Amino acid sequence: MQPFDYLIPGDHAEASALLAAGNGRVRPFMGGTDLLIRTRGGFVRPQAVVDLKGLPGMKEIRPGDDGWLIIGAACTMNQVAMHPLVQARYDLLVQACNSVASYQLRNRATIGGNCCNASPAADTAPALYCLEAVAEIYGPQGIRRIPIAQFFVGPGKTALRSGEFLTSLHLPPSPQDARGVFNKLGRTKMGDISVVSVAVYRRSGRLADPTAPATGEWRIALGAVGPTPLRAAEAEAALMQDTSPAGIRVAAALAAAAARPIDDIRASAAYRRAMVAVLARRGIEAVLADLSAARAQLPAAGGAS
Amino acid sequence: MTYQIIGTNAARIDAPGKVTGQTLYPGDIVYPNMLHMATLFAGRPHARILNIDTAAAEAAPGVVAVFTAKDVPVNEYGLQIKDQPVLCGPGSGKAGADIVRFVGDQVALVVAETEAQARAACKLIRIEWGDLPIVTDPEVAAPSLAGGLVAADPTRPVPIQLHPHCADNICYSYRIRKGDIEAGFREADVIVEAVYQTPVQEHAYLQPEAGVAYLDEAGRITVEVAGQWTHEDQKQIAHALGLPLDQVRVIYPAIGGAFGGREDMSVQITLALAAWRLAQRGIRRPVKTVWSREESIIGHGKRHAMKIWARWGARRDGMLTAAQVKVIADGGAYMYTSNKVLGNTTQTCTGPYEIPHVAVDTYAVYTNNVPGAAFRGFGGPQGHFAAESQMDRLAEALGMDPVEIRLKNVLTDEKLLTTGTPIPGGVGLTETIIAAARAAGWTQDEAGHWHRPANQQISKSANHESRTTQHATRRGIGFACGFKNVGFSLGYQENSYARIELRGGGEIAEAVVYFAGADCGQGNHTVLAQMAAEALGVPLARIKLITSDTALMGSSGSASASRLTYMAGNAVRGAAAKALAAWRNEERPAVGEFVYLAPKTTPLDPETGYGVPNFAYGYVAQVAFVAVDTETGQVRVERFISADDVGKAINPQQVIGQIEGGAVQALGYALQEHWQSREGRVLTDRLSTYLIPTALDVPDKLEAIIVEVPDPNGPFGARGMGEMPYLPAAAAVAAAVYDATGVRFDDFPLTPERVWRGLHGR
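Going down the list, the sequences are from chains A and B.
The opening residue of the first sequence carries number 345 in the working numbering; numbering runs sequentially from there.
The opening residue of the second sequence carries number 9 in the working numbering; numbering runs sequentially from there.
Calculated directly from the structure, the hints in this document are not laboratory data.
If you're wondering where the values come from, they're calculated on a predicted model, not measured in any experiment.
Virtual Cβ for every residue (Gly too), placed ideally from N, Cα, C.
A few of these clues could be false.
[Said to hold, decoys possible] Sample of chain A residues facing chain B (criterion: CB under 7 Å; computed from the structure):
no. : residue
1   : Phe387
2   : Met426
3   : Pro428
4   : Leu429
5   : Arg531
6   : Thr532
7   : Ile606
8   : Ala613
9   : Arg617
[What the hints assert, rightly or not] Incomplete in silico selection of chain A near chain B, CB under 10 Å:
no. : residue
10  : Tyr350
11  : Leu379
12  : Leu380
13  : Gly385
14  : Val388
15  : Gln485
16  : Arg488
17  : Arg489
18  : Ile490
19  : Gly530
20  : Lys533
21  : Gly535
22  : Asp536
23  : Ala611
24  : Arg626
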């Protein structure tokens, strides 16, 4: 491996200045689980890495205003997955974090790093897309916030500009009656990068009153089937109209139609597209089953005595 | 016969060092003042090297020397024929050595003060290439063989000749003719026919190729490296360097897995060459090299991909009448051991059965792919996939239980092999089949017929699934069995050396055993010590092993062909008898040296295949229970049973370890390991693109059953067993997937996408 300098910035401004001055040859460094491998392989040749983990807030998970949750970009996968506030409201994200690589790797790999690599197969991305997370970015012009779907620009490309880095992910409030399921296909049972992944998320709005008209939202996000993670908007809209078995099949087909997969050594485009439909259908069915089980456990809210 | 030490689960003698991290593998060895070597690989599948300019590399920081073809005295090597240049390029005087024939051909060596400097300087070597046409399909390379089960047509023109010595690109072939094949098909009530394709497999041993070379205190070129046969490495090095054997010394430290992939040379000759040429320049410093994983994957041979055409017939009563088989193996760029691998496929492609009428034609063909090489099972897994899939088809066509049809036809003592001679005695095939079948739930009725387990036994783990996948899951069960030779064969006089020195006064205080056989991680040195202790009648703790150094002992042969326990045991018993005689004679130390010679074998007759190919065999039967997700194509082996006749388990725990390891490796081959290349370039040259099973991919239940039918010539009745658990696994899985889904898969790995395409007609 080519030698490089390891820099610990004193504050956000210094980190930003170091990154900006490095002109691409200075890389932000968090868990290092991708960066070090790519450096060793000669795919990137950093002159220096700037370790962002020690900056204030980077490793913190804390409640924000109005029911939001703020996850520092350098929080590890295991840290996120085991945090009570995440477990309480964002089970979908817990599932996604727990599907990444192996336990040991999840002790190093960070949720921010997963986003900043901008792999279309990033396992946390479909969950973050469904949760409509907001990325907080620090840079020479100060702080800006953009939706996660604008953060991913293309394979390996993010919206980060020179001198900018991701500081945290802000999750909007997720109601108690929200349910999500993350499914992925890998070539091994553990550790493989996704061949296809699908997150399904339902903000029900009628858990307490199943007779109320359909409210809230269905959200479906797809991984590893396009240049970035994708939302399947038409499938989401269709589910709002119809969640009968036939309606689910229609939505799953619409999700598959939204995919823009390619052939690569892991799978063909045709297989990936077909699997989007299978995983979407299974995800929707699992979410509905989960909601139905949750309703059954409600203490007869507004119902018979 | 009762034994004191044989048959006990003695702790691995190498365990403390490996567990505490004290054991050094070749890549861990560090000597003072050591230099580092990097290798420039061809990176292209077929090209002539017109010119090599090393000036910039030689001038680079830290570089001590750059070596190319012109520095190799005898620029050729190979275990069977010397058809591979040590370094490809002009100037060595060897015809054809200026051509690279696959991406992993080695072109230049750079020696520098640090590994980084050596690797950086490699990139400064400028090569003028003259690209040549690339041929990667054996049926294109050898057009005479195209067309399935028909006679070869040598009049078809060869597109490009890959080696000066081989006009038709067919590097080896076998032919077996037993009985009258047409008569055999006339006797048949059913005939089944299919074409099978088996994939390439990477060995993926934990430790990539590495080693250190230096001149020892006696001035010998010494290479510390991980291989499988010290004395053969020594021969290959001496030949290429044009040196007498005693000027070359090979030592094996700990070996991080081999599986056949270390039989052929990797860094042995190049390291020796570098240390020797440096010494000639007055630089006597050790030279170390470590290949990266990517270099390891492209730089050593793989399991042969094969295409197998099979047409078999049987009578209504289940008795086989005829088997016609043709095999084309992709030999890749060089011979390696293709001739011997093909010999094994030739003998196993008709399965472990007595068949009256047999016609087998097998061919290994040169291409520009990574060479086909030795790999656990050595041609047997390919042969068994076709043979056992044919048996599954026949069972179905006859409406007969797959266990029953096998028991009707399997080889037993005195039955004739396809080579026209009886199989050596002590055949435990019937016992393994019954053991595996009974463990899986098969029953035999009063009329003697066998019945498969009831469906609820196959489906009992259904409650583990979520409701959404339950309806898509189909379960099935598959049976397969197999056999393979133990030891080198086909006329090679098998031999193995051991020497024992007994020290002490009135009683034996220490027994020093000299043995060159390689412990690749399979536990051979532990069972060697157990057998020595048993033969000498001393406690295991008094055995001291000195192993794997050509300067200190004779050749014990290769750690391959499931031979080491068998050969080492007989060698050690012979040495022990002599040492004990000397001890009784009051000699101190009492020394016994012995070379065991196994029963003789013969080559096969080139026209009929008649001969005595082997002196011993091992036997196996397996059952796979699978769950197939019909929507995603994912296949999960929920339960796997392997019954292995090992003759006598010297160390049952190690035997079980070999069965479990072999089964998991074979299930990776069957289901997951998906080698991909395009135009001779390897697309899966990392472990992130070439995936092997993880701990979670191991079957939920993996049951090893030890069967002990003594081998008449094996030490303490033991027979070889390391390869057997591998042999029929892919066929058992394919049969189980068929049982589950009704769709036959005649090629693999059964990746989700392949299965999905099969099930959905895509």
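Verification of the supplied hints:
1. Phe387: At 12 Å from the nearest chain B Cβ, A/Phe387 fails the 7 Å test, so the hint is violated.
2. Met426: Violated. Min distance 20 Å.
3. Pro428: violated, 25 Å
4. Leu429: violated, 27 Å
5. Arg531: At 5 Å from the nearest chain B Cβ, A/Arg531 passes the 7 Å test, so the hint holds.
6. Thr532: holds, 5 Å
7. Ile606: Because about 14 Å separates A/Ile606 from the closest Cβ in chain B, which is outside the 7 Å limit, the hint is violated.
8. Ala613: Hint violated; A/Ala613 Cβ to chain B Cβ min 11 Å, cut 7 Å.
9. Arg617: This interface hint is violated because 11 Å lies over the 7 Å limit.
10. Tyr350: Given a least distance of 17 Å, the restraint on A/Tyr350 is violated.
11. Leu379: The hint is violated - A/Leu379 has no Cβ within 10 Å of chain B, the shortest such distance being about 15 Å.
12. Leu380: At about 14 Å, which exceeds the 10 Å cut-off, the nearest Cβ of chain B leaves the hint on A/Leu380 violated.
13. Gly385: holds, 8 Å
14. Val388: violated, 16 Å
15. Gln485: Interface hint status for A/Gln485: violated (37 Å vs cutoff 10 Å).
16. Arg488: violated, 34 Å
17. Arg489: violated, 34 Å
18. Ile490: violated, 31 Å
19. Gly530: It holds, given that the least Cβ distance between A/Gly530 and chain B is near 9 Å, below 10 Å.
20. Lys533: holds, 4 Å
21. Gly535: This interface hint holds because 6 Å falls under the 10 Å limit.
22. Asp536: holds, 6 Å
23. Ala611: Hint holds; A/Ala611 Cβ to chain B Cβ min 5 Å, cut 10 Å.
24. Arg626: Result: holds, 4 Å to nearest chain B Cβ.
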